[in-house]
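Knowing the structure of chain A, use the given hints to seat chain B on it.
Residue numbers (the working numbering), protein chains in the order written: chain A, 58 to 399; chain B, 14 to 323.
Read the hints as simulated data drawn from the structure, not as lab findings. These numbers were taken from a predicted model, which means no experiment stands behind them. By construction, the Cβ of each residue, glycine as well, lies at the ideal position given by its N, Cα and C atoms. Keep in mind that the hints are not guaranteed to be accurate.
Said to hold, decoys possible - Facing chain B, a subset of chain A residues (Cβ under 10 Å, in silico): (1) Leu170; (2) Phe175; (3) Asn205; (4) Ile265; (5) Tyr303; (6) Gln349.
As the list claims (entries may be wrong) - Covered by chain A, according to a simulated footprint, are these stretches of chain B (three or more residues, beta-carbon under 8 Å): (7) 34–44; (8) 240–248; (9) 298–306.
If you want the building blocks of each chain, they are given just below.
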Amino acid sequence: MIKNKIKLSTLLTLAICLLIVLILPTKMSSYTMRVVNNALIFGIVSYGLSIMLGMGGQISFAGLTFMGGGAFAAANLCSGRWGFWLDPVLAIFVSAVLMAILALVIGMIILKLNGSFFTFATIALVQVTYTFFVNYKPLFGGAGGITNIAQMKIFGIEFGNNYFTWFYFLAIVVAIVAFFVERVRQTELGRSLAFIRDNDTAALTFGINVYRTKVIAFTISGFLGGLGGALYALQMRFVGADMFTYERSTLFIIMTMVGGVNSSIGVLVGSLIITVLPELLRNVPGIDRYLQLSYGLLVIVMMVFMPMGIAGMFNALKKNIKIKVASRKTSKNLNEVKEASK
Amino acid sequence: MGINAVEFEVNEVTFNTILSMLVNGTAFGMVYALMAMGIILLVRAIGVLNFAQGDFFMLGAYIALGYLVDLELPLPIMIPVALLTYALIALIFMICVYWPLREASYPAAIVIATIGTSYVIKELVQIIWGSLPRPMPPLLSNPETGGAKLLTIGTAKLSWQMIITMLVGAAAIILVFILFEKLYAGRMMEAAAQDKYVAELLGIPTIITVAATYIISITLASIGGFLMAPMLTVNVTLGTLQLRAFAGVVIGGMGNIKGAIIGALFIGLLESFSSVWFGAYKDAVVFSVLLLFLVFRPQGLFGTKIKDKA
Numbered sequence: 058m059i060k061n062k063i064k065l066s067t068l069l070t071l072a073i074c075l076l077i078v079l080i081l082p083t084k085m086s087s088y089t090m091r092v093v094n095n096a097l098i099f100g101i102v103s104y105g106l107s108i109m110l111g112m113g114g115q116i117s118f119a120g121l122t123f124m125g126g127g128a129f130a131a132a133n134l135c136s137g138r139w140g141f142w143l144d145p146v147l148a149i150f151v152s153a154v155l156m157a158i159l160a161l162v163i164g165m166i167i168l169k170l171n172g173s174f175f176t177f178a179t180i181a182l183v184q185v186t187y188t189f190f191v192n193y194k195p196l197f198g199g200a201g202g203i204t205n206i207a208q209m210k211i212f213g214i215e216f217g218n219n220y221f222t223w224f225y226f227l228a229i230v231v232a233i234v235a236f237f238v239e240r241v242r243q244t245e246l247g248r249s250l251a252f253i254r255d256n257d258t259a260a261l262t263f264g265i266n267v268y269r270t271k272v273i274a275f276t277i278s279g280f281l282g283g284l285g286g287a288l289y290a291l292q293m294r295f296v297g298a299d300m301f302t303y304e305r306s307t308l309f310i311i312m313t314m315v316g317g318v319n320s321s322i323g324v325l326v327g328s329l330i331i332t333v334l335p336e337l338l339r340n341v342p343g344i345d346r347y348l349q350l351s352y353g354l355l356v357i358v359m360m361v362f363m364p365m366g367i368a369g370m371f372n373a374l375k376k377n378i379k380i381k382v383a384s385r386k387t388s389k390n391l392n393e394v395k396e397a398s399k
Numbered sequence: 014m015g016i017n018a019v020e021f022e023v024n025e026v027t028f029n030t031i032l033s034m035l036v037n038g039t040a041f042g043m044v045y046a047l048m049a050m051g052i053i054l055l056v057r058a059i060g061v062l063n064f065a066q067g068d069f070f071m072l073g074a075y076i077a078l079g080y081l082v083d084l085e086l087p088l089p090i091m092i093p094v095a096l097l098t099y100a101l102i103a104l105i106f107m108i109c110v111y112w113p114l115r116e117a118s119y120p121a122a123i124v125i126a127t128i129g130t131s132y133v134i135k136e137l138v139q140i141i142w143g144s145l146p147r148p149m150p151p152l153l154s155n156p157e158t159g160g161a162k163l164l165t166i167g168t169a170k171l172s173w174q175m176i177i178t179m180l181v182g183a184a185a186i187i188l189v190f191i192l193f194e195k196l197y198a199g200r201m202m203e204a205a206a207q208d209k210y211v212a213e214l215l216g217i218p219t220i221i222t223v224a225a226t227y228i229i230s231i232t233l234a235s236i237g238g239f240l241m242a243p244m245l246t247v248n249v250t251l252g253t254l255q256l257r258a259f260a261g262v263v264i265g266g267m268g269n270i271k272g273a274i275i276g277a278l279f280i281g282l283l284e285s286f287s288s289v290w291f292g293a294y295k296d297a298v299v300f301s302v303l304l305l306f307l308v309f310r311p312q313g314l315f316g317t318k319i320k321d322k323a
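Here chain A stands alone, though its shape is the one from the complex (with noise of 0.2 Å):
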């Protein structure tokens, strides 16, 4: 009975997605189909933040830096500045690996601190990987960034500059990294990370191992950091330090939260408002900063009222509502018995 319920709201979910992803292209200018592209990009970074944050309960500035590592590799591995071309698919997969890789070695380190010491590497972390995006010339192009990155190309197909294309592609991919975090939240992993966020010191009792599920978390969020990266890059066709630094990494937190940290719709939700909005108000002028302030103004709000975002509002209100049906059926039990009694 339950399990038929979560299928129906699942099913419906993902019939909803479906629609909107064959109807928003049709409404759609190139120009906007970039930016809806960019926020799936985003979006995939977050679901990287969303399993460190809101599974972990681990505040990671992270995201971005592995963002900018795949993307550079990626650029490197595609624009021939080593006398050669990567297939951009290999490329991408390529990149995502390192990045793996990279975040497994760093997390090792790193997750031996706790709680805000994590966060303070974190945030070194971004301090220096932007210093040698901006400055080192062979591998990162200084602050010209990396231009000349071959076209997408898969099956055959060439992207070009055809973002419907890439629409098509970057929803298929977003579609296996929810999934992919969907189930990451329903297996053994996903438990141990909520325990661990909700008391690490109940989670060591019960025989988790806490660094361990740490690391692994925080090389999922370092591939998937690599992937939307090297995506970007890809479709972009253009790398450039300025994508990277602290204030952006701050941004991307904001957008995992505001949508719903515990979601994988709320976090999809949350990179789209954050990174459409702005671009579908451009030509309303002076709108911008507002609601650059609005998004600031909007997180504070949230944290009061919602910490778990959109989402977790919606799952707050079922209950609520689920609560009080509850109860009222237990009442009219409770009157029917007493009405018997009599």
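Just chain B now, with coordinates in the frame of chain A:
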């Protein structure tokens, strides 16, 4: 960012360069120390890591700019007015971001709310003052050239602004120490920070001590911004300087005010010297040192054991 704005004329390391690097580093370190102290005070008192500290630093610079340049208030009037404004902003921050969240079930919520605050301040400042960087006149200017007044020691030329920054920073630090070590009010705050429940039993109004902590913390950061503004142009990215204060906090040992001050001064000097020897990579040097500290000595220079309230 940071010391980049202070130009060195160095080709070889001479006494002059070492002296000016020392003064630069100490002045910047002092400002980082003001921010770091604020961070530590908040972490100790309520366990909140404030990610908006750097933005209050930036806001302090903008408010000083607003009073001095836009409204053209004379300095003796402007300073108390600015200090009052800083305190008022601290109270608003506390009421909006700490008070509704003090019993939040999700512990990261309040920290993320400060990230949101940082965003709000950045955008608000750009709405009010525009997004172009603005120059701020130095507190002591040379009447002949109109530039910053310089102090000449031997052949070295030092900016008075740097020296004022060092002196005011040191004075503020000493005042905070007097408050906590010598005054009854400070001891009350200390007690409330260490054990809120027992402090309440003793009749200490913890709400007032928390408010006082907020005022001190934010005002210290804002004063730092005010002092630093003439040396850098006033712009939104000033907020990132808080990362150096964080570095100072960690290096000094989390939860230890003295350690944080020494750590912040160390970061200032390290930044100053590495800007000469490592050029554009100075940030990488500073934060690599932070990473090394985190990996090999997370309790910092002066911490005895790791305590993590935030």
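Against the structure, the hints come out as follows:
Proximity of leucine 170 of chain A to chain B holds as hinted, the smallest CB-CB distance being about 6 Å (cut-off 10 Å). At a threshold of 10 Å, the smallest CB-CB gap from phenylalanine 175 of chain A to chain B is about 9 Å, leaving the interface hint in force. A cut of 10 Å between beta carbons decides the hint on asparagine 205 of chain A: the least distance to chain B is about 24 Å, and the hint is violated. Look at isoleucine 265 of chain A: its Cβ only gets to about 19 Å from chain B, farther than 10 Å, so that hint breaks.
A cut of 10 Å between beta carbons decides the hint on tyrosine 303 of chain A: the least distance to chain B is about 6 Å, and the hint holds. Evaluation of the glutamine 349 of chain A hint against chain B yields a held restraint, the C-beta minimum of about 5 Å falling below 10 Å. A count of 0 residues in the segment 34–44 of chain B with a Cβ less than 8 Å from any Cβ of chain A is obtained; the coverage claim is therefore unmet, three being the minimum. With a threshold of 8 Å between beta carbons, the proposed coverage of the segment 240–248 of chain B by chain A is violated, since 0 of its residues qualify and at least three are required.
With 5 residues having a Cβ less than 8 Å from any Cβ of chain A, the segment 298–306 of chain B passes the three-residue criterion, so the hint holds.
Taken one by one, the earlier hints fail for this structure at numbers 3, 4, 7, 8, listed in ascending order.
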